[in-house]
Structure formats: C-alpha cells, structure tokens
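Undergrad: The listed protein sequences correspond, in order, to chains V and R.
Per UniProt numbering, the first sequence starts with residue 1, numbered consecutively.
Per UniProt numbering, the second sequence starts with residue 1, numbered consecutively.
Read the hints as simulated data drawn from the structure, not as lab findings.
It is possible that part of the hints are untrue.
Chain R is nowhere near these chain V residues, computed Cβ spacing over 12 Å in every case [to be verified]:
| hint | residue |
| --- | --- |
| 1 | Lys4 |
| 2 | Asn13 |
| 3 | Lys33 |
| 4 | Lys57 |
| 5 | Lys91 |
| 6 | Glu125 |
| 7 | Lys128 |
| 8 | Glu214 |
| 9 | Leu261 |
| 10 | Cys275 |
| 11 | Ala300 |
| 12 | Glu314 |
| 13 | Ser324 |
| 14 | Ser357 |
| 15 | Val378 |
| 16 | Leu382 |
Within a straight-line C-alpha distance of at most 30 Å, the following computed DSS-like cross-link-like pairs (lysine-lysine) qualify [what the hints assert, rightly or not]:
| hint | chain 1 | residue 1 | chain 2 | residue 2 |
| --- | --- | --- | --- | --- |
| 17 | V | Lys112 | R | Lys237 |
| 18 | V | Lys340 | R | Lys31 |
| 19 | R | Lys112 | V | Lys237 |
| 20 | V | Lys91 | R | Lys340 |
| 21 | R | Lys196 | V | Lys108 |
| 22 | R | Lys108 | V | Lys196 |
| 23 | V | Lys237 | R | Lys108 |
| 24 | R | Lys147 | V | Lys57 |
| 25 | R | Lys360 | V | Lys108 |
| 26 | V | Lys360 | R | Lys340 |
| 27 | R | Lys196 | V | Lys118 |
| 28 | R | Lys91 | V | Lys112 |
| 29 | R | Lys360 | V | Lys233 |
| 30 | R | Lys31 | R | Lys237 |
| 31 | V | Lys196 | R | Lys196 |
| 32 | R | Lys228 | V | Lys340 |
| 33 | V | Lys112 | R | Lys4 |
| 34 | R | Lys91 | V | Lys118 |
| 35 | R | Lys91 | V | Lys196 |
| 36 | R | Lys4 | V | Lys57 |
| 37 | V | Lys108 | R | Lys4 |
| 38 | V | Lys196 | R | Lys233 |
| 39 | R | Lys292 | V | Lys360 |
Please read all numbers here as calculations on a predicted model, not as lab measurements.
Glycine included, C-beta positions come from ideal geometry on N, C-alpha and C.
Protein chains: 2
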Amino acid sequence: MVLKNAIIFSIGNELVEGLILDTNSKYLSEKLKKLGYYVIRIETLPDRFDVLVERFKTGLLEVDLLITTGGLGPTEDDLTREALAEALGRKLILDENIAQELIERALKYYGKAPESVKKQAMVIEGAKVLDNPVGTAPGQMIEFDGKAVVILPGPPAEMIPIFENITEKLKADDALYTRRIKTIGIPEAVLMDDFKDVIYSNPNITVATMASYERGVEVRLTGSKSLKEEIDKIALKLIEALGENVYATDDDNIEDVVYKLLSENGLTISFAESCTGGMISSKFVDIPGVSKVYNGSVVAYSNEVKISLLNVPETIISTYGAVSEECVKFMAENVRRILKSDFAVAVSGIAGPTGGSEAKPVGTVCFAFSSDSFTHTVTHNLRGNREMVRKRSTLLAFDIARRGILRWLRQRETSKE
Amino acid sequence: MVLKNAIIFSIGNELVEGLILDTNSKYLSEKLKKLGYYVIRIETLPDRFDVLVERFKTGLLEVDLLITTGGLGPTEDDLTREALAEALGRKLILDENIAQELIERALKYYGKAPESVKKQAMVIEGAKVLDNPVGTAPGQMIEFDGKAVVILPGPPAEMIPIFENITEKLKADDALYTRRIKTIGIPEAVLMDDFKDVIYSNPNITVATMASYERGVEVRLTGSKSLKEEIDKIALKLIEALGENVYATDDDNIEDVVYKLLSENGLTISFAESCTGGMISSKFVDIPGVSKVYNGSVVAYSNEVKISLLNVPETIISTYGAVSEECVKFMAENVRRILKSDFAVAVSGIAGPTGGSEAKPVGTVCFAFSSDSFTHTVTHNLRGNREMVRKRSTLLAFDIARRGILRWLRQRETSKE
Numbered sequence: 001m002v003l004k005n006a007i008i009f010s011i012g013n014e015l016v017e018g019l020i021l022d023t024n025s026k027y028l029s030e031k032l033k034k035l036g037y038y039v040i041r042i043e044t045l046p047d048r049f050d051v052l053v054e055r056f057k058t059g060l061l062e063v064d065l066l067i068t069t070g071g072l073g074p075t076e077d078d079l080t081r082e083a084l085a086e087a088l089g090r091k092l093i094l095d096e097n098i099a100q101e102l103i104e105r106a107l108k109y110y111g112k113a114p115e116s117v118k119k120q121a122m123v124i125e126g127a128k129v130l131d132n133p134v135g136t137a138p139g140q141m142i143e144f145d146g147k148a149v150v151i152l153p154g155p156p157a158e159m160i161p162i163f164e165n166i167t168e169k170l171k172a173d174d175a176l177y178t179r180r181i182k183t184i185g186i187p188e189a190v191l192m193d194d195f196k197d198v199i200y201s202n203p204n205i206t207v208a209t210m211a212s213y214e215r216g217v218e219v220r221l222t223g224s225k226s227l228k229e230e231i232d233k234i235a236l237k238l239i240e241a242l243g244e245n246v247y248a249t250d251d252d253n254i255e256d257v258v259y260k261l262l263s264e265n266g267l268t269i270s271f272a273e274s275c276t277g278g279m280i281s282s283k284f285v286d287i288p289g290v291s292k293v294y295n296g297s298v299v300a301y302s303n304e305v306k307i308s309l310l311n312v313p314e315t316i317i318s319t320y321g322a323v324s325e326e327c328v329k330f331m332a333e334n335v336r337r338i339l340k341s342d343f344a345v346a347v348s349g350i351a352g353p354t355g356g357s358e359a360k361p362v363g364t365v366c367f368a369f370s371s372d373s374f375t376h377t378v379t380h381n382l383r384g385n386r387e388m389v390r391k392r393s394t395l396l397a398f399d400i401a402r403r404g405i406l407r408w409l410r411q412r413e414t415s416k417e
Numbered sequence: 001m002v003l004k005n006a007i008i009f010s011i012g013n014e015l016v017e018g019l020i021l022d023t024n025s026k027y028l029s030e031k032l033k034k035l036g037y038y039v040i041r042i043e044t045l046p047d048r049f050d051v052l053v054e055r056f057k058t059g060l061l062e063v064d065l066l067i068t069t070g071g072l073g074p075t076e077d078d079l080t081r082e083a084l085a086e087a088l089g090r091k092l093i094l095d096e097n098i099a100q101e102l103i104e105r106a107l108k109y110y111g112k113a114p115e116s117v118k119k120q121a122m123v124i125e126g127a128k129v130l131d132n133p134v135g136t137a138p139g140q141m142i143e144f145d146g147k148a149v150v151i152l153p154g155p156p157a158e159m160i161p162i163f164e165n166i167t168e169k170l171k172a173d174d175a176l177y178t179r180r181i182k183t184i185g186i187p188e189a190v191l192m193d194d195f196k197d198v199i200y201s202n203p204n205i206t207v208a209t210m211a212s213y214e215r216g217v218e219v220r221l222t223g224s225k226s227l228k229e230e231i232d233k234i235a236l237k238l239i240e241a242l243g244e245n246v247y248a249t250d251d252d253n254i255e256d257v258v259y260k261l262l263s264e265n266g267l268t269i270s271f272a273e274s275c276t277g278g279m280i281s282s283k284f285v286d287i288p289g290v291s292k293v294y295n296g297s298v299v300a301y302s303n304e305v306k307i308s309l310l311n312v313p314e315t316i317i318s319t320y321g322a323v324s325e326e327c328v329k330f331m332a333e334n335v336r337r338i339l340k341s342d343f344a345v346a347v348s349g350i351a352g353p354t355g356g357s358e359a360k361p362v363g364t365v366c367f368a369f370s371s372d373s374f375t376h377t378v379t380h381n382l383r384g385n386r387e388m389v390r391k392r393s394t395l396l397a398f399d400i401a402r403r404g405i406l407r408w409l410r411q412r413e414t415s416k417e
C-alpha cells in the first residue's frame, strides 16, 4: 500500500512569534489522514518572501499535495500568493471579477474600499479560484507537475468551508484503517506492559500510544485496509480486557459518550462548577443538539453563591471547607433538583497558583455525581498549573458522569429483572 | 542588531495525524521572542527515526538554538532522544540514578515497574539533565558546536516548568522591542488604510497586523531596542486616534482588561450564558485571583432555566423568543441581582448548525450589559460555524462588559463633580 504524501505550511509572523495558536494544521492533518494522505511534515513559517519561496520549492519536491494556510490578507506583510507564484514559476494575474466583488463588498460593509483590497484578487496563472463564502480572500487550487497545490486563508472560519468543498477532489485512492481506544484509569507504561501480548500481536499493525492530562491514554492501531478484520479483532480484545476504563473509541470524545448515554435513554444532566468555572458546561455545549440532554449549570465560584444559589449549608463549608466531598455532595444534589435534571456532577478544587495548604495542596479537586438513587464522591490530587488542573478536572468530571450513568442504568436493569 | 536564530521541532505521530493540538510551539515561540530569538521555522514531524535525523541535521546548520518537544515517552514509538543522538554523532548512555528514580516512582504509583521505564533514563553524551518535577521523562540540554540543543517532553504540564528553569541560561544578548495594539470595531483593511500615515511613519519599524474572530484586529510595531521611544510614540498616537476601539495593549487579553477595571475599582461581575454555554465564565476563571471580582454565573441553556432560575417572564420568551434583546435584558438584570454583583452580561444566540430561521439566521446573537444605573443591549450577526460563533460571542461579551464598565465609571465621575 502506497499512501500519497502531503505537506502543510502554516504561514504568518503571528505564528512563529507565538501570538496565536495554529489550529488549522490539526484540522487539516486529521482530514488528510482520512482522505488517504500521509502528512510528512507541517512547517510553520514567517511572512518572509525568500524563506517562503525556498521552503515551497523544497516541499514541492517531496509530496503529492502541498497546502498553505495564511498570508492572504490585504496588507503588505501577506506574501503567500506571491511566494508560491515564484516557487511555481508562474505569473500572478488580477482577476477583475473578484476585484469588483471585493470592492463592492468593502463599500457595502465598511463604506469605503481601500486600494489594498485588490491584492486579494491576484490569482496564480492557471489556478482554479475557490470561493470563500465567509471572508474576502478566496482560496486557489493549482495543478503542477502531477501534484496538487492548495492555497487557503488563515482564519479557520474561512479556511474550513473552502477546504470542505474540495475534499472530494483530493481523495486519494488508498487509505489506512485505524482504530483508537481511549482510556482513563491505567497509566500509559502499565497499560502498554500489561497488555503487550494483545497489542503487539500482529507485526503488520502499527501501534502508537498517546497520554495527555486532557484525554487520558489512547492506544491507536493502524494498518492497510486489508487488515481491517485483524485490527478490529485486536481492538475488541483490548476493549474487553480494559473494561470500564475504556471511555470511548475512535472519534468520540468523553463528552460525546456522556451525551450519547443520555440522549439514547432520554435523560438529562446539569453541572455545578467551582474551580472549572464553566469549562465543563462549555465543553458539553460544543456538541450540536446538546439541548436534548442539558438544561444548564451553575458556576458557583464564591462560597456565597454555593450557599445562596445551591443551598449548601454554611456549616458544611465552615466545618469541611468548600473543597470537600461533603460540599460537592450538596452542590451536585441541589443543582440536580434546582435545574430539574436526572443527573448532576459537581466540582470544587484548588486550581492554584494560590489557595493551597498542607492538608489541601494546589491540585486537590473534589467531584460528586448525583442521581435519584445514589450520590458518589471522590477526591483527586492533580498536578500541573491552573490551566492543566482545570482541564484535567473537566475530563474527570465527564468520567465520573459516564461511570455514574452506567451504574444507574445497570441498577435500573437489575431492578426490572 | 543581530538576533539569534531558533528552530522548534514538535514531534509525534499524534500531531501529524491531527489527533492533538500542538500548544507547545506557541508557548515556546512567544517565550523565545522575548528572550531575543527569531524563530525561523517550526516543524511538526512524525515519530520516524530517519526523518527526525535528517530534519535535526538540517536544522542544526541553520540556527543557534534547536528545541524539541515530544517523543520522550516510554514506548517504542518515542524516538526523539535516539534520533538527536544520531544527528549529533553522540552516544546514548543509561543514567543509573535516573533509572533508579523512575523505577521507584513507578513502583510507588503503579505497584510495578515495566522494563520500558529505563528508556526514559537514556541521556545523550555530555548533556545536562533537566529535572522534570511533574512527569517521568527528564529534559536534556546539550552544547554542540557553539549551539544550544534542548530536549523537552511533550505534555505541556511537564514541558513548561522545565523550560522555565532554563530561560535565564538561554537569554540572548540582543532583543527586540514590540508594542501590540488590540482593537474591536474597525475592519482590518479600513484600519490599516485610515491610519497608514501614523502606522507606517518610520521605515525602520516593522508593522504587522492580525485579524481573528476570537481577538479582533491587532497592530504590532516592532524594532530594535534603540527605537523604543519612537515605537512608543507611534503606539500612543494610534491608541489616541482609535479611542475606545482599543481594548488592550501588549500582553493583555480582553478578559484581563475587564478583570483590571473591576479589581481596581472594587467591583464585581456575573454572567448569564445561553449559547456560549459557560465559555465566558471559563475564560474569566482562567485568570488567577479572579475570585476578587467574580462570584459566579448561570448557564441558562434551556428556556425553563431562563424562566425558573433567572426569572425571565414567560411572556417575554413567547413574544420575542429566547434570542432577543428583550430576553437578554432580563437575563442580565436578574443574574446581577441574584448573584449580588455590580454588573452582569447576558448572551443568547443561535450558534448553529440548526435552530436558525429567516428572521434569525444562525449567527444571530443578542447581548446585554446591566448595571445599577443602565442596561444596554445589542444584536450581532456573526459568521462561521458553531465554535466560531461561540468564541466570537465570548469576545463580544467581554467587549460589551468593558465598554459598559467604562461608561458606568465615567457616569460616576460626572455625578461626583
């Protein structure tokens, strides 16, 4: 099996200066893998004409598909078009229709049309113009020496719809088959050692693992499509062996799994958040259609709000503290009742950098899951800075929800019998 | 002025396959710029020995500082150490002390120590070991031919503290001076055209702009440190000309500005969120010490919660809909009273992909700012997908808070006179 090779160039001074986060490359790499491409490299480059020309020329020698994002703006530092034309040895031509459109658009929205908007109407000789329904700079697609070259704007809101329109054209003949098994509860080194006989049972199947505080430990099995059955068999064995520690497979995230468990059973959930400060709710609301299973949440950051809005007894906080299993138990039970949900998860912890003590150091986070038949609480000691503690807490909140809902569903099944 | 050059390698199949987002490179680029380095390129590479060796060798020829992140795990696909040793022509040596520590740690936490943990104790000949207080794989720093080579683990929670410990050592002699002016309210092309005489008044000062739906339009002025006074003068002129459209300068984000306005004046804020679903609150809670100015929020995703918890009159929703200035007005006023805050911002909108209508298409978002002396509402029509609409709404929510607080403070000043 021979995969086609691709290279991605992310262009902009703001990227090499660390001013903005490049999310385009992740998006494109993931899509390209599914379309049958192997991304040999992603290069993040400054807006410098000579650098861009040299890197484009090098890239063109190595791949079947070259994609650029960024550097298509109306200002002088945007040079992607110009550099790519130079690397390909082609001219840039003003497209009068696009120029006219850009001028009209600028007049309509801003009341004036600076000369600079015309820069965005420059098209590389022989390129197919890719319509940008959202922004101003169109994308371009060029065939060159049997290779495809695609130019896309930098803002994800503009880049994504343009790319989605050309995925059919880009699809390569051959593609890989991958299974992903996502776990929480077993450290990476232990997992890979305990289950190595299953995981490495076929030398033609590539194994990779990935551990992160936001997503737990993931095992990936990859091979040619002809190995599909074999890969599925290993995945199944592993899933069985790991039991409830597997929280999802393949493209699902943990919040998707919680969403599916709820929507398949006509159930709802709410959250009471202290240190996560809305992060759990916001991640859940990332899911389109979440309103079926989600009414809302309370961010009870101060003790006053925990007491006044969530009815946590003052004595609980004065006796045990706001970061205690006693406190999150009340938060979860009460937010469930107040927001009329079937389940609730509450989180209260010390995210740092200050607020820690010897008894409760930074990273101490308490979780509660509440349902009509039981409430379960647990405390974790997390490492890392404020952001990492909050992100890990969000993962663990969804995990306690997942395990709690599964337990509740099992109980219901048993009581029916 | 000659800056030192640096290159960053982000390593991992999970990166070129688009499974995780690389945030390390943004962090490192931003820090390196401040330390006086020019990042010539960031390369994201797969875990392939031959590829890594070739790219490392090429990079070493071009720069003064080479940094790698990732590929230091205990499993077979982690090859950064091995490839870098090969590229440098040095041996890998087992550090018995580190190995012993890793084994003890594994026994303590997991009850067993797989042989593979020893892989993480392999050190490149001549390297200084950089202690990893959080995880298992230590970093390494090597001097090679007058250049510095730094190896860091991939998880940000481990990478960041190790890097912070070596910043003093890495500091280059010369450094750049940069001012950043961040705006909302004027489109990039119009801003750069209307103010070009100010912005481009000194050819020795580099000008760059950046527009994004999450952060508005930013103008950056950069030059050697000797131009500090001149750069500050241009920045000041631009800030005066743009007035309240400038929401922040330099490293501040919009939420930092809102936080500072509140904490300097001993005031507090709360949020009532519908389509943003906790994103505004979560971004605010990113700020350490936010508890001084923030009690909490209500995520009122369903109409029921808007009615029952935020006391929005049912007739308001049945007459105008939940996405209306009438509805967010009640949400903001009531959440302010219920959570006993000085100010409140409410947001309700149609984030998509479904739920739009001809009168209120996807991207229609209503905002309200409430204080004890006035309530202000506004509707925006945003473009992009669900994620982009929610992120842009979060920016606009903080902007309406900023402008509202400024107005309230001005009113207070006037009434004192």
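Undergrad: State for each hint whether it applies.
TA: Tested hints:
Distance check for Lys4/V against chain R: the nearest CB is about 14 Å away, which clears 12 Å, and the non-interface claim stands. Once the 12 Å rule is applied to beta carbons, Asn13/V is inconsistent with being away from chain R; the minimum gap is 5 Å. Under the 12 Å C-beta cut-off, the non-interface status given to Lys33/V relative to chain R is violated; the minimum distance is some 5 Å. The claim that Lys57/V is not at the interface with chain R holds, since no C-beta of that chain comes within 12 Å of its own (minimum 15 Å).
Remark: the non-interface label on Lys91/V is consistent with the geometry, its nearest Cβ contact in chain R lying 25 Å away (cut-off 12 Å). For Glu125/V, the requirement that its beta carbon stay farther than 12 Å from each beta carbon of chain R is met, with the minimum near 25 Å. No beta-carbon of chain R is positioned within 12 Å of the beta-carbon of Lys128/V; the least distance is around 24 Å. Residue placement check: Glu214/V does not keep its beta carbon more than 12 Å from all beta carbons of chain R (closest about 8 Å).
Distance to chain R confirms Leu261/V as a non-interface residue, since its nearest Cβ pair spans about 18 Å, more than 12 Å. Not every CB of chain R is more than 12 Å from the CB of Cys275/V (nearest about 8 Å), against its label as outside the interface. Non-interface call for Ala300/V relative to chain R: violated, since the shortest CB-CB distance, roughly 5 Å, does not exceed 12 Å. The claim that Glu314/V lies off the interface holds: its Cβ sits roughly 16 Å from the closest Cβ of chain R, which is beyond the 12 Å cut-off.
Remark: the non-interface label on Ser324/V is consistent with the geometry, its nearest Cβ contact in chain R lying 17 Å away (cut-off 12 Å). At roughly 16 Å, the least C-beta separation between Ser357/V and chain R is larger than 12 Å, which holds for a residue marked as non-interface. With a least CB separation of 17 Å from chain R, Val378/V remains clear of the 12 Å interface cut-off, as annotated. Against chain R, the non-interface label of Leu382/V is violated: not every CB pair exceeds 12 Å, the least being about 9 Å.
Note on Lys112/V and Lys237/R: the hinted pairing holds, with a Cα-Cα distance of about 23 Å set against a maximum of 30 Å. Between the alpha carbons of Lys340/V and Lys31/R the distance comes to roughly 47 Å, so the proposed pair goes past 30 Å and is violated. With a CA separation close to 23 Å, the supplied pair Lys112/R and Lys237/V stays within the 30 Å bound. Between Lys91/V and Lys340/R the alpha-carbon distance is near 64 Å, which puts this suggested pair outside the 30 Å criterion.
The hinted pair formed by Lys196/R and Lys108/V meets the criterion: a straight-line CA distance of about 22 Å does not exceed 30 Å. Our distance criterion of 30 Å between C-alpha atoms is met by Lys108/R and Lys196/V, whose separation comes to about 22 Å. About 29 Å separates the Cα atoms of Lys237/V and Lys108/R, which keeps this hinted pair within 30 Å; it holds. For a cut-off of 30 Å, the pair hint linking Lys147/R to Lys57/V stands: about 27 Å separates their Cα positions.
A C-alpha spacing of about 21 Å is found between Lys360/R and Lys108/V, which places the hinted pair at or below 30 Å, so the restraint holds. The hinted pair formed by Lys360/V and Lys340/R meets the criterion: a straight-line CA distance of about 29 Å does not exceed 30 Å. A C-alpha spacing of about 17 Å is found between Lys196/R and Lys118/V, which places the hinted pair at or below 30 Å, so the restraint holds. Taken as a hint, the Lys91/R and Lys112/V pair is broken in the structure, with Cα atoms around 64 Å apart against an allowance of 30 Å.
Among the hinted pairs, Lys360/R with Lys233/V is inconsistent with the structure: their alpha-carbon atoms are about 49 Å apart, more than 30 Å. Straight-line distance between C-alpha atoms of Lys31/R and Lys237/R comes to about 28 Å, which keeps the hinted pair within the 30 Å bound. Between Lys196/V and Lys196/R the alpha-carbon distance is near 63 Å, which puts this suggested pair outside the 30 Å criterion. Taking the CA atoms of Lys228/R and Lys340/V, the gap is near 59 Å; set against the 30 Å cutoff, the hint is violated.
Distance restraint check for Lys112/V and Lys4/R: the Cα-Cα separation of roughly 42 Å exceeds the 30 Å cut-off, and the hinted pair is therefore not satisfied. About 56 Å separates the Cα atoms of Lys91/R and Lys118/V, which puts this hinted pair outside 30 Å; it is violated. For the proposed pair Lys91/R and Lys196/V, the alpha carbon gap of about 29 Å is at most 30 Å, so the pair holds. Under the criterion of a C-alpha separation no larger than 30 Å, the hint pairing Lys4/R with Lys57/V is consistent with the structure, at around 25 Å.
Using a Cα cut-off of 30 Å, the hinted pair Lys108/V and Lys4/R is violated, with the two alpha carbons roughly 46 Å apart. For the hint pairing Lys196/V with Lys233/R, the CA-to-CA distance comes to about 64 Å; that exceeds 30 Å, so the pair is violated. Between the alpha carbons of Lys292/R and Lys360/V the distance comes to roughly 21 Å, so the proposed pair stays at or under 30 Å and holds.
Of the hints listed earlier, those the structure fails to meet are numbers 2, 3, 8, 10, 11, 16, 18, 20, 28, 29, 31, 32, 33, 34, 37 and 38, in rising order.
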